[in-house]
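Chemist: Here the protein sequences come in this chain order: P and V. FYI, the numbering for the first sequence is 1 to 313, going by our numbering. FYI, the numbering for the second sequence is 1 to 313, going by our numbering.
Please keep in mind that the hints were generated in silico from the structure rather than gathered at the bench. Warning: the hint list may mix true and false statements.
To be verified - The calculated label-pair distances, taken between Cβ atoms and stated as ranges, are:
id: 1; chain 1: P; residue 1: 115; chain 2: V; residue 2: 104; range: 50 to 60 Å
id: 2; chain 1: P; residue 1: 307; chain 2: V; residue 2: 144; range: 51 to 61 Å
id: 3; chain 1: V; residue 1: 240; chain 2: P; residue 2: 275; range: 48 to 58 Å
id: 4; chain 1: P; residue 1: 132; chain 2: V; residue 2: 298; range: 38 to 48 Å
id: 5; chain 1: P; residue 1: 108; chain 2: V; residue 2: 1; range: 38 to 48 Å
id: 6; chain 1: P; residue 1: 132; chain 2: V; residue 2: 287; range: 45 to 55 Å
id: 7; chain 1: P; residue 1: 101; chain 2: V; residue 2: 113; range: 42 to 52 Å
id: 8; chain 1: P; residue 1: 51; chain 2: V; residue 2: 30; range: 37 to 47 Å
id: 9; chain 1: V; residue 1: 113; chain 2: P; residue 2: 123; range: 37 to 47 Å
id: 10; chain 1: P; residue 1: 115; chain 2: V; residue 2: 304; range: 54 to 64 Å
id: 11; chain 1: V; residue 1: 298; chain 2: P; residue 2: 104; range: 32 to 42 Å
id: 12; chain 1: V; residue 1: 273; chain 2: P; residue 2: 165; range: 31 to 41 Å
What the hints assert, rightly or not - Distance condition first, Cα-Cα at most 27 Å in a straight line; then the derived BS3-like pairs of lysine-lysine:
id: 13; chain 1: P; residue 1: 104; chain 2: V; residue 2: 245
id: 14; chain 1: P; residue 1: 18; chain 2: V; residue 2: 47
id: 15; chain 1: P; residue 1: 113; chain 2: V; residue 2: 245
id: 16; chain 1: V; residue 1: 109; chain 2: P; residue 2: 245
id: 17; chain 1: V; residue 1: 276; chain 2: P; residue 2: 47
id: 18; chain 1: P; residue 1: 245; chain 2: V; residue 2: 113
id: 19; chain 1: P; residue 1: 113; chain 2: P; residue 2: 162
id: 20; chain 1: P; residue 1: 18; chain 2: V; residue 2: 276
id: 21; chain 1: P; residue 1: 47; chain 2: V; residue 2: 18
id: 22; chain 1: P; residue 1: 18; chain 2: V; residue 2: 18
id: 23; chain 1: V; residue 1: 224; chain 2: V; residue 2: 276
id: 24; chain 1: V; residue 1: 18; chain 2: P; residue 2: 276
id: 25; chain 1: P; residue 1: 109; chain 2: V; residue 2: 245
id: 26; chain 1: V; residue 1: 47; chain 2: P; residue 2: 276
id: 27; chain 1: P; residue 1: 167; chain 2: P; residue 2: 179
id: 28; chain 1: P; residue 1: 224; chain 2: P; residue 2: 265
id: 29; chain 1: V; residue 1: 224; chain 2: V; residue 2: 47
id: 30; chain 1: V; residue 1: 179; chain 2: V; residue 2: 131
id: 31; chain 1: V; residue 1: 47; chain 2: P; residue 2: 47
id: 32; chain 1: P; residue 1: 245; chain 2: V; residue 2: 104
id: 33; chain 1: P; residue 1: 104; chain 2: V; residue 2: 276
id: 34; chain 1: P; residue 1: 306; chain 2: P; residue 2: 265
Stated by the list, open to error - Which chain P residues stay away from chain V? Per the calculated CB distances, all over 10 Å, these:
id: 35; residue: 15
id: 36; residue: 20
id: 37; residue: 46
id: 38; residue: 73
id: 39; residue: 115
id: 40; residue: 164
Since the structure is predicted, the reported quantities are computational estimates derived from the model, not experimental observations. Each residue gets a CB set at the ideal place from its N, CA and C atoms; glycine is no exception.
Number of protein chains: 2
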Amino acid sequence: MTFSVTILGSSSALPTSKRFPSAHVLNVHERFYLIDCGEGTQIQLRKYHLPLNRINNIFLTHSHGDHVLGIFGLISTLNLLGRTNDLHIYGVADFEDLLMQNVKFFTDKPSFKVIYHAVDPFKVEEIYTDKHVVVTTVPLRHRVPAVGYLFREAPKQPNIRKDIISKYNLTIADIVSIKNGHDLVLPNGDIIPNSELTYIHSQPRSYAYCSDTLYSERLVGLVKGVDLLYHEATFLHSELELARKTGHSTALQAATVALKANVGKLILGHFSSRYKDIQLFLNEAKSVFQNSYVINDGDTIQVSPKIVDSQFD
Amino acid sequence: MTFSVTILGSSSALPTSKRFPSAHVLNVHERFYLIDCGEGTQIQLRKYHLPLNRINNIFLTHSHGDHVLGIFGLISTLNLLGRTNDLHIYGVADFEDLLMQNVKFFTDKPSFKVIYHAVDPFKVEEIYTDKHVVVTTVPLRHRVPAVGYLFREAPKQPNIRKDIISKYNLTIADIVSIKNGHDLVLPNGDIIPNSELTYIHSQPRSYAYCSDTLYSERLVGLVKGVDLLYHEATFLHSELELARKTGHSTALQAATVALKANVGKLILGHFSSRYKDIQLFLNEAKSVFQNSYVINDGDTIQVSPKIVDSQFD
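Using the sequences and the hints given, assemble the complete structure.
Modeler: The structure is reproduced here in C-alpha cells:
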C-alpha cells in the first residue's frame, strides 16, 4: 500500500530552469492529493506520469502566486479532458473569488464543478477525510494567512490472525463479525476475546507539508512524530534576518523543527534562487537533524509501512 | 544584426511533458518582444537564457488560457526582480480587467506600471513602433476575437559608400548631412546627388505570428512576402472537420497560406497532443510548400539579412 510524495516544484518565488514553483502530490493507496499548485503544475504532472484526472482534492497553503498560479490552467485542462467529477479545493478564504473568476473566464462550458472550501488558517481542524486519509490543518506563520496540512493514513481495521481461521473453522460471517470488533462465541459457549483473534499489522503513516512559514514552536507540537515532514527552507541560516523579514525559514530552523518534533524524515525545499549549491542546505540541516534530505523536482519519497506485528500474516 | 525567433511553447491547449503552451520571443537587434505568454513562459525564458527584464512589450493574440496564463506569474516575477520600466501589453479588450485584477492580487507593492493597449482584432493597424521594429495587427478567425502580429524590421538609413569618404575627404558634418538624405556640395560648387553617395545594404526583415486561426484568404494577403511565417497547425488535414469546428487549421492549410503568400519560410506549431508523430505535420506541409518546418520548444529560427548591395561595404 503506497504512501509517497512526488515533488513537482521545489523553487521559491522565482522559478529556475530546473525548479518549478511549489507543488507536491501525495499518493495514498493510489489516491492522489495535490498540495499547492504553482505555475506549470499540469506540465509537471504529465512529465512525471501522474494521473491528472484522478486528483479530486487540492490543498492550497496560501495565496502567493508561486503556490497557486498553476490552478487556472489545470482546471481548464481538466475541463478539456472531459472531467465530470467535482473538484474540491481547500485554501484560505481570500483566494476564492479570484479563483472562481479565473475559472469562469478560462473554462469554456464547464463539465464539472469546482467546490472551494475555505479553511481557517489559524485553527487546527480536521478538514477532510475519506477511507484512505485524514487531513488536518497546521497553522503557519507567514506574511499572509497561510496553512499547512497534515495527512494521516486512515486507521486500519485490525487484521484477522491467519492461524485462527483454521483453528476455529471460521465462516465468512464470523470473519466479518470479528473484523467489526466482536468477540467470537464458540459452539460450547466459550468466548474468545477479539484481541486474541486480531492483530494490528502496521501503524498509519503521516506526512506534514509546511510552507511558507517562519520558525514556529507551535508547529513543532502539531507535527510531533510524523513520518515525513516537508518544511520550507528558503534561506541558509546566514540569511536569518532576511528569512525573518520575508516570513521564511532557514535550513537550520527547519531541521530544528524536525528534531524537536522527533519526525521520521525531513525534506527541505522552496530554495531561494540566489543559492547555486543546494548541498549547503543539506549540510546545514544535517548538522541538527541527521535524517534530512533536499528535494529536486521529480523526486518521489516513499514512506515505508510501519510494521507493528507481522507474525500472523 | 539579429532577427530571430525563439520558441518557448509549441503545444496547443493541452501541454505535454515536451511542449509548453504558446509563447515566442522575437529578437530584433537584441531587443526582445514576447508574443503570447502561455503557462510556464517565465520558466522557459530562464531555461533558454532569455533576459526577462529586457522584455518591455508583450503581444497577446487572444484570451484563451494556453496563450496568456503565464503572464500573471511573469509580472509577479518581474516585480520581485525589482523592475522599474513600464511593461506594455497589447491584446484584445476582454482580457484587460481580469489581467489587472490578477496583477493586483499577485503583485505585492508593484515596482513598475503595467499598461494595457487594447487592439482591435478586426482591423489591420500599426500598433507599435520603435527604432528597430514596426508591429501591425493581422486579424485572425478563431472562436473568440483573435489577432496575429506582423513584425517588420524598421527601415534602415542608407549606408555611406566607403570609397566616397576618402574620395571627397568628407568631414563628420558632411557624413551626418548625407546620412540625413542631403546631397554633397563640393568646394567648387558641384553637386553630387545623395543617391551616388549612399547605398541600401539590406532590406528590412519580417516575421508574422498567426495563431489561433481558421484558414483565411484575407490572412494570405496580409502576410504576403514575409520572410518568416508562423502559422498554427493544430491538426492534420484528415481532421479538417474538427479543425473547422474548433477554429483551427491543418498543416496543409497553413502551407497553403505560405504558398499563396509567397513567404520565405513557414514554421508550424500548436500541435494537438493527440498526435505522437510530429513528422506527419512536416510531410503534409512540405507536400504543398517545400520550405516548411515544425517547431520544438527551445528552437531558434534565424532570419538572415536580405543583402541588396554589399559592394560598397
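Chemist: Hint by hint, note whether the structure agrees.
Modeler: A quick look at each hint next to the structure:
no., hint, in the structure
1, 115(P) x 104(V): 50 to 60 Å, "25 Å, violated"
2, 307(P) x 144(V): 51 to 61 Å, "57 Å, holds"
3, 240(V) x 275(P): 48 to 58 Å, "52 Å, holds"
4, 132(P) x 298(V): 38 to 48 Å, "40 Å, holds"
5, 108(P) x 1(V): 38 to 48 Å, "42 Å, holds"
6, 132(P) x 287(V): 45 to 55 Å, "53 Å, holds"
7, 101(P) x 113(V): 42 to 52 Å, "23 Å, violated"
8, 51(P) x 30(V): 37 to 47 Å, "44 Å, holds"
9, 113(V) x 123(P): 37 to 47 Å, "39 Å, holds"
10, 115(P) x 304(V): 54 to 64 Å, "55 Å, holds"
11, 298(V) x 104(P): 32 to 42 Å, "34 Å, holds"
12, 273(V) x 165(P): 31 to 41 Å, "51 Å, violated"
13, 104(P) x 245(V), "22 Å, holds"
14, 18(P) x 47(V), "8 Å, holds"
15, 113(P) x 245(V), "25 Å, holds"
16, 109(V) x 245(P), "15 Å, holds"
17, 276(V) x 47(P), "15 Å, holds"
18, 245(P) x 113(V), "25 Å, holds"
19, 113(P) x 162(P), "45 Å, violated"
20, 18(P) x 276(V), "25 Å, holds"
21, 47(P) x 18(V), "8 Å, holds"
22, 18(P) x 18(V), "14 Å, holds"
23, 224(V) x 276(V), "32 Å, violated"
24, 18(V) x 276(P), "25 Å, holds"
25, 109(P) x 245(V), "15 Å, holds"
26, 47(V) x 276(P), "15 Å, holds"
27, 167(P) x 179(P), "17 Å, holds"
28, 224(P) x 265(P), "12 Å, holds"
29, 224(V) x 47(V), "34 Å, violated"
30, 179(V) x 131(V), "16 Å, holds"
31, 47(V) x 47(P), "16 Å, holds"
32, 245(P) x 104(V), "22 Å, holds"
33, 104(P) x 276(V), "31 Å, violated"
34, 306(P) x 265(P), "13 Å, holds"
35, 15, "5 Å, violated"
36, 20, "7 Å, violated"
37, 46, "5 Å, violated"
38, 73, "4 Å, violated"
39, 115, "20 Å, holds"
40, 164, "50 Å, holds"
Of the numbered hints stated above, those contradicted by the structure are hints 1, 7, 12, 19, 23, 29, 33, 35, 36, 37 and 38, listed in ascending order.
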